[in-house]
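Peer 1: Sequence:
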Amino acid sequence: MQVSVTSSIDRLGSDARGSISRVLQNTLARFSPNITQVSVLVTDENGPRGGVDKVCRVNLTMPGVGPINVTAKHQKVMAAVASAARRARRMVLTKLKRRGSQRRRGRAGFRQIGDAAVEIATE
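Position 97, counted from 1, in the sequence shown is what my numbering calls 79; the numbers after and before it change by one each time, with no gaps.
None of these hints come from the bench; they were simulated from the model. Please read all numbers here as calculations on a predicted model, not as lab measurements. Built from N, CA and C at the ideal position, the CB exists for glycine as well. Please note: incorrect hints may appear among the correct ones.
Label-pair distances were calculated between CB atoms; the ranges are [unchecked claim]: (1) -7 <-> 46: 25 to 31 angstroms; (2) 57 <-> 81: 32 to 38 angstroms; (3) 60 <-> 29: 15 to 21 angstroms; (4) 12 <-> 53: 36 to 42 angstroms; (5) -4 <-> 43: 23 to 29 angstroms.
Below, in silico cross-link-like pairs of lysine to aspartate or glutamate (EDC-like), each with a Cα-Cα straight-line distance of 16 angstroms or less [to be verified]: (6) 58 <-> 35; (7) 55 <-> 35; (8) 58 <-> 26; (9) 58 <-> 27.
Make a model of the complete structure from these sequences and hints.
Peer 2: Right under this line is the structure:
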């Protein structure tokens, strides 16, 4: 899993970028074999005025599932990153569960008997 961090915040140094990368890697570690690319964009919506304006956008690429895009907003940068990472983990889990249930659902109405597939009546 490759994580790339970009930011429009000038004071976000390399240490903060490393911390953001570690938070995402740790939060998504369970799914790292399924995730090929993670890109993170951290922005400050209204500049130096303060308030709940730090936005973290996480974009994940997963083969067979499609892109996953998550956004979180908070007063502090790392809190926005942590929130976005948790949301991304939840979305990945939901997509993987949904993909697994669709595979099972496609075969649920048939039973293999010998060489032929026989449809089972569901009433």
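Peer 1: With the threshold set at 16 angstroms, check whether the alpha-carbon distance from residue 55 to residue 35 stays at or below it.
Peer 2: holds (6 angstroms)
Peer 1: Regarding residue 57 and residue 81, is the given constraint of 32 to 38 angstroms on their beta-carbon distance met?
Peer 2: holds (36 angstroms)
Peer 1: Is the gap between the beta carbons of residue 12 and residue 53 within 36 to 42 angstroms?
Peer 2: Given a distance of about 22 angstroms, which is not inside 36 to 42 angstroms, the answer is violated.
Peer 1: That 23 to 29 angstroms hint for residue -4 and residue 43 (C-beta), does it hold up?
Peer 2: holds (24 angstroms)
Peer 1: CA of residue 58 to CA of residue 35, is that 16 angstroms or under?
Peer 2: Roughly 8 angstroms separates the two Cα atoms, so the pair holds.
Peer 1: Would you say the C-beta atoms of residue -7 and residue 46 sit inside 25 to 31 angstroms of each other?
Peer 2: violated (39 angstroms)
Peer 1: Below or equal to 16 angstroms on CA atoms is what counts here, so check residue 58 against residue 26.
Peer 2: Holds, at about 10 angstroms.
Peer 1: Hinted pair, alpha-carbon criterion (16 angstroms max): residue 58, residue 27. Please report holds or violated.
Peer 2: The hint holds at about 12 angstroms.
Peer 1: Taking the beta carbons of residue 60 and residue 29, is their distance inside 15 to 21 angstroms?
Peer 2: holds (19 angstroms)
In this structure, the earlier hints numbered 1, 4 are contradicted, and the remaining ones agree with it.
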